[in-house]
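Asks: So the chains spell out like this:
There are 2 protein chains.
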Amino acid sequence: MMKKGCPYGTHRVIEPAGALPQPARKIDNNMEIFDNEILIDVQTLNIDSASFTQIKEQAGGEIEKIKEIMLGIVADRGKHQNPVTGSGGMLIGTVEKIGAALEGKTDLKVGDKLATLVSLSLTPLRIDEILEVRKNIDQVDIKGKAILFESGIYAVLPSDLPENLALSVLDVAGAPAQTAKLVKPGDTVLVIGGAGKSGMLCCYEAKRRAGVTGKVICLGSSEKNLNRARKANIADVYISADATKPVEVMEKIAEITNGEMTDITINCVNVPDTEMTSILATKKDGLIYFFSMATSFTKAALGAEGVGSDVTMIVGNGYTKGHAQITLQIMRESKELREIYEELYA
Amino acid sequence: MMKKGCPYGTHRVIEPAGALPQPARKIDNNMEIFDNEILIDVQTLNIDSASFTQIKEQAGGEIEKIKEIMLGIVADRGKHQNPVTGSGGMLIGTVEKIGAALEGKTDLKVGDKLATLVSLSLTPLRIDEILEVRKNIDQVDIKGKAILFESGIYAVLPSDLPENLALSVLDVAGAPAQTAKLVKPGDTVLVIGGAGKSGMLCCYEAKRRAGVTGKVICLGSSEKNLNRARKANIADVYISADATKPVEVMEKIAEITNGEMTDITINCVNVPDTEMTSILATKKDGLIYFFSMATSFTKAALGAEGVGSDVTMIVGNGYTKGHAQITLQIMRESKELREIYEELYA
Ligand SMILES: NC(=O)c1ccc[n+]([C@@H]2O[C@H](COP(=O)([O-])OP(=O)(O)OC[C@H]3O[C@@H](n4cnc5c(N)ncnc54)[C@H](OP(=O)(O)O)[C@@H]3O)[C@@H](O)[C@H]2O)c1
Ligand SMILES: NC(=O)c1ccc[n+]([C@@H]2O[C@H](COP(=O)([O-])OP(=O)(O)OC[C@H]3O[C@@H](n4cnc5c(N)ncnc54)[C@H](OP(=O)(O)O)[C@@H]3O)[C@@H](O)[C@H]2O)c1
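As given, the protein sequences belong to chains A and B, one line each in that order. Okay, so the first sequence: first residue is 1 according to the working numbering, each after it adds one. Okay, so the second sequence: first residue is 1 according to the working numbering, each after it adds one.
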């Protein structure tokens, strides 16, 4: 008889009591599954870039030291949550066992190869052996097991795309999928950081949804990356500007939109202090989607009030229904984007 | 001839160049107005509570020292932006002069008494004399002038409500006004911190909009404040719980909603670590409005992803169209709430 579990995995939290698995300091990584859990035979860990950089530094770059630190983290916490950065990563593996209570509820089958789309910082993990550390792309092959909770999200890896390509775009899948849901025909859309990894996917989706009556503006900083985006033909207008300069960007957007500004602005940069730029570029009754993790809640809230803008600002939830399918589909549809992402990440 | 100004007041920024008035270190507080500015004869400053607490401490509570510090801030920055907390406050005064370019564009008249609803941290201010410091309610009467930019928001003070009552509710006007826009008939709505200053206004608006087919749940921590809310009859259910305990609150909400959870959750607390509670209390395709300034962007974004929730999370913009009117109207309509707010704040 399997034990009954909570959908969020609170039944595995050891301390502090009452916490969820992510904020918890320690969780139970015993691999006997509860009735609503999925056991995964792990192949590769994709350590979060901030976390892996810290581990490499602490190890002075030595592979054996890196292994030791990683094993130490999992032994201490029952999950691969870097105690310094707090972050995790994701993993690829094969479904080994499915809890009885999930029968008929999940479309997974034993033997399916999947990527987890919830953070390693909340995933029960046991490492039996570290097989290979690929230092430059933050990937670590292991022998080990992991648990996916009932509420945990995942994507079955497609057979028609290279694994590493799928992994790299799945990392930012929330952004293009939200773009697909937010943009309507005829919209003027600005993507800040539009020539980056999540940004190009957002431009592509925005252009498809806004259609011929809409306008997609791709804002980037380096000419090199803007040119790459131009070749893939993912936007109607490309501008090079510093997204931390609100007035400069506002004036450029005013020129492009005849003073009307944008209906939707999607923020995909990886630097702080771009809230005000997003607000001033957008119509006062427009919408801003902040995918950037460098967004400050108070800067956005007080910034909009300060200029009397009634803009709706959305926190970039990493998950939205169907986000993996929507994003992988872009790699199938756009030959140009696929070439760019294969060259960069696969 | 008046000089032409930028709607956001960038023409008054002295340093750093290219900044907006709020992040700027120093702005020009010369009281000769530009063509799109409004000159205000200031009566009272309402210093932001965090800022005033710091000033009082630095002054060791001495009135003369408080005055000295305040005069020093304005002399240095051209605005009353506390260099330690970064925050400002609001002001009441009388319209003295209106820029030529605003004629026909503004409904203000010379002689109108108004409250500014943009922060003092971006408002050009000149203090000629500090008349009285009311230490316990953060109010300071002065002789002086201020400038309202074209994009600056304000409310004409109503003649039928006590000034201090109006001021106290205008401070949180964004929350009930957004509630009014978000809640639809039949919705189940949770207001976290529902017995507080902004929370009670949100409950009231939510109950009005959700109607007899909806359900409003007021969550507070102290029984005393919950009882006060109960007397005003602003919700359908009142629960006492610690909003930093996600699982505990989730279970209570599940019980009240027969496991369906809420359509909309409005977060009005003043403490950190309540993002996960808001997420777990809300339907996976529901909506969360974070009014609390203690909200962490990353905790909200990663938290929702971690439990596979597709919830839409909105950053609590302090401004929304008509927010002052919507909020003052509640004080006219609800005798019970008006009594509570008069006793607490006026
Ligand atoms: N919400 C979530 O769940 C979630 C999940 C994953 C990632 N993220 C966040 O998404 C963001 C983007 O990730 P990514 O993988 O797409 O990163 P990325 O590929 O590095 O893209 C960032 C882009 O921002 C541009 N940029 C940087 N500074 C700029 C400036 N001052 N002005 C204009 N553009 C500037 C860069 O332009 P150039 O290329 O021209 O230099 C780059 O293309 C990150 O903040 C990340 O934390 C969020
Ligand atoms: N977005 C904006 O533009 C804007 C503008 C103004 C204010 N705000 C923010 O709005 C928030 C609320 O402001 P306010 O004036 O309404 O504050 P308030 O009157 O102090 O109300 C806060 C409420 O939170 C409740 N609370 C505190 N800790 C709690 C816990 N652990 N569990 C459950 N309830 C808890 C308190 O309950 P008890 O009364 O029972 O102790 C209190 O009623 C603040 O964070 C403020 O920064 C935002």
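Misleading hints may appear alongside valid ones.
Note that the list lumps identical chains together, so a pair holds whenever it fits in one copy or between two copies.
[Unchecked claim] BS3-like mimics (lysine-lysine), calculated; alpha carbons at most 27 Å apart, straight line: (1) K4 with K67; (2) K26 with K252; (3) K231 with K113; (4) K26 with K335; (5) K335 with K231; (6) K283 with K184; (7) K56 with K299; (8) K4 with K335; (9) K145 with K283; (10) K67 with K335; (11) K26 with K299; (12) K135 with K321; (13) K105 with K284; (14) K145 with K215; (15) K299 with K224; (16) K231 with K65; (17) K245 with K3; (18) K252 with K56; (19) K26 with K321.
Keep in mind that the hints were calculated from the coordinates and are not lab data. Note that this is a predicted model, so its numbers are computed, not measured.
Asks: Given a CA cutoff of 27 Å, do K4 and K335 count as a within-copy pair, a between-copy pair, both, or neither?
Replies: Neither: 46 Å inside a chain and 51 Å across chains, both beyond 27 Å.
Asks: I want to check one pair: K299 and K224. Are their C-alpha atoms no more than 27 Å apart within a copy, between two copies, both, or neither?
Replies: Intra 30 Å, inter 34 Å, cutoff 27 Å: neither.
Asks: How would you label the pair K231, K113 (within, between, both, or neither) given a Cα cut-off of 27 Å?
Replies: neither (34 Å within a copy, 58 Å between copies)
Asks: From the Cα coordinates, with 27 Å as the cut-off, is the pair K145 and K283 best called within, between, both, or neither?
Replies: neither (49 Å within a copy, 31 Å between copies)
Asks: Classify it for me, K231 with K65: is the Cα-Cα distance of at most 27 Å met within a copy, between copies, both or neither?
Replies: Classified as neither; 43 Å inside a copy, 64 Å across copies.
Asks: What label fits K26 with K252 when the C-alpha limit is 27 Å: within, between, both, or neither?
Replies: between (50 Å within a copy, 26 Å between copies)
Asks: How would you label the pair K105, K284 (within, between, both, or neither) given a Cα cut-off of 27 Å?
Replies: between (44 Å within a copy, 17 Å between copies)
Asks: How would you label the pair K26, K299 (within, between, both, or neither) given a Cα cut-off of 27 Å?
Replies: between (33 Å within a copy, 19 Å between copies)
Asks: Could you place K56 and K299 in one of the four classes (within, between, both, neither) given a Cα distance threshold of 27 Å?
Replies: between (33 Å within a copy, 26 Å between copies)
Asks: Could you figure out if K26 and K321 sit no more than 27 Å apart (CA to CA) within one copy, between two copies, both or neither?
Replies: neither (29 Å within a copy, 47 Å between copies)
Asks: Please work out whether the CA atoms of K26 and K335 approach to 27 Å or closer within one copy, between two copies, in both situations, or in neither?
Replies: Cα proximity of K26 and K335: none, with 45 Å in one copy and 51 Å across.
Asks: Using 27 Å as the alpha carbon limit, work out where K135 and K321 are close: within a copy, between copies, both or neither.
Replies: neither (33 Å within a copy, 52 Å between copies)
Checked against the numbered hints listed earlier, the structure breaks hints 1, 3, 4, 8, 9, 10, 12, 14, 15, 16, 18 and 19; every other hint is satisfied.
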